[in-house]
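Construct the entire structure; sequences and hints are all you get.
Residue numbers (our numbering): -6 to 361.
Calculated directly from the structure, the hints in this document are not laboratory data.
It is possible that some hints are incorrect.
[Unchecked claim] Taking CB as the label site, the calculated pair distances span:
1) Ser294 - Asp234: 45 to 51 Å
2) Ser287 - Asp192: 53 to 59 Å
3) Gly286 - Gly355: 19 to 25 Å
4) Asp134 - Lys198: 26 to 32 Å
5) Val326 - Lys198: 54 to 60 Å
6) Asp109 - Ser294: 16 to 22 Å
In this text the structure is predicted, and so the values were computed from the model without any measurement.
For every residue, glycine included, the Cβ atom is placed at its ideal position computed from N, Cα and C.
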Amino acid sequence: MSPTTTAAAPSRRTIPGRGLLDLIAGPHGIDGYLEQISPTMVTGECRAEVVAVSRGTDDSVTLSLRPNRAWRGFRAGQFVQVSVEIAGVRHTRCYSPASPEDAGRELEITVKRHPDGLVSNFFADQARPGLVIGLSQADGDFHLPDSRPDSILLIGGGSGITPLMAILRTLCAEEYAGQIALIQYAPDPDRTIYREELDRMAAEKPNFRLARSYTRAPGAGELDGHFSPTHLPQADPSFADAETFACGPPALLDAVRGTWANGLEQRLHVESFVPPSLLPIGEPGTGSIRFAGSDLEVENSGASILEQAEKAGVPAESGCRMGICHTCTCRKVSGTVKNLLTEEVSAAPDEAIQLCVSAPLGDLVIDL
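Printed below as a string of structure tokens:
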């Protein structure tokens, strides 16, 4: 994902009597004093300390985090927004915890390095125990249902394995008795995230079946090539009856959706870990964008409104940059925009839009 230059709003919770304590404590509030003792002692903002760092593959890093008491936990499969300061600028990205949902205040995320990834490379190269990061409360509809299904199929590619690990670890901790199958896609064995742990689980859990395809090492796994419907009966003969959770790059998810499009859609849940391929804008470079907050006006380049705001130096909150977290939602005062995911066009005034997946079609006034 491309860099985010403004963090999402910090996650806060209401503490009984907090207002009175802040009034007594003065202009900086009670957290202003607690922060001097330890950055994670604050009670009004969710933060986490890195307590351990491990590098399971050359292009990934796993961070064990200890959130402060503002953290409210998560459901297996959900994501959090993580904020970190790099060179004096705060950046925010979305990651799915890989830990089981009953882990209390222990949290694990695995970050895969991307060639141009500012935050992923920072974590891969510089994350150390003691680093304090910002943390949002968990969000997202991709998670295990409260009533556990009779059988579950997991399909993951690359770093998309992380929310599936949370689901799998949660089920194992609960001693789930139903059948679980996992199809994992990775370039080769050396770049397979959680490979050794998954191998142990498959050896120890008689109800867990694991099948892998190494897309750049044919013959090394139980399956070969990218996702194909022919992989399903090999990995899980009862896949049509299973509740299915898939996470990974858009090409994988598109292929999975196409396979489940014949009456099985209600059993399929998907989550993407990388920005989808955006549709053509249609009328790039026409008109201008006026940012009402600063009265700055720039020529429309045809890129997303978020990209154009950042290029113009206009502060804009953002998180996932792929239309999932809604952190960048802003009021469009006037003008026409196109949704780059759905291709929907809207000219309604005073409309809430997502900056990261919206592009102007002609003149636009945005409340930034």
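Against the structure, the hints:
1. Range check, Ser294 to Asp234: about 49 Å between beta-carbon atoms, so the 45 to 51 Å window is met.
2. Taken as a hint, the range 53 to 59 Å holds for the pair Ser287 and Asp192, whose Cβ atoms sit roughly 55 Å apart.
3. At roughly 21 Å, the beta carbons of Gly286 and Gly355 sit within the given window of 19 to 25 Å.
4. Checked against the given bound of 26 to 32 Å, the beta carbons of Asp134 and Lys198, roughly 27 Å apart, stay inside it.
5. Val326 and Lys198 have their C-beta atoms about 56 Å apart, which keeps the hinted 54 to 60 Å range intact.
6. Taken as a hint, the range 16 to 22 Å holds for the pair Asp109 and Ser294, whose Cβ atoms sit roughly 19 Å apart.
In this structure, every one of the numbered hints holds.
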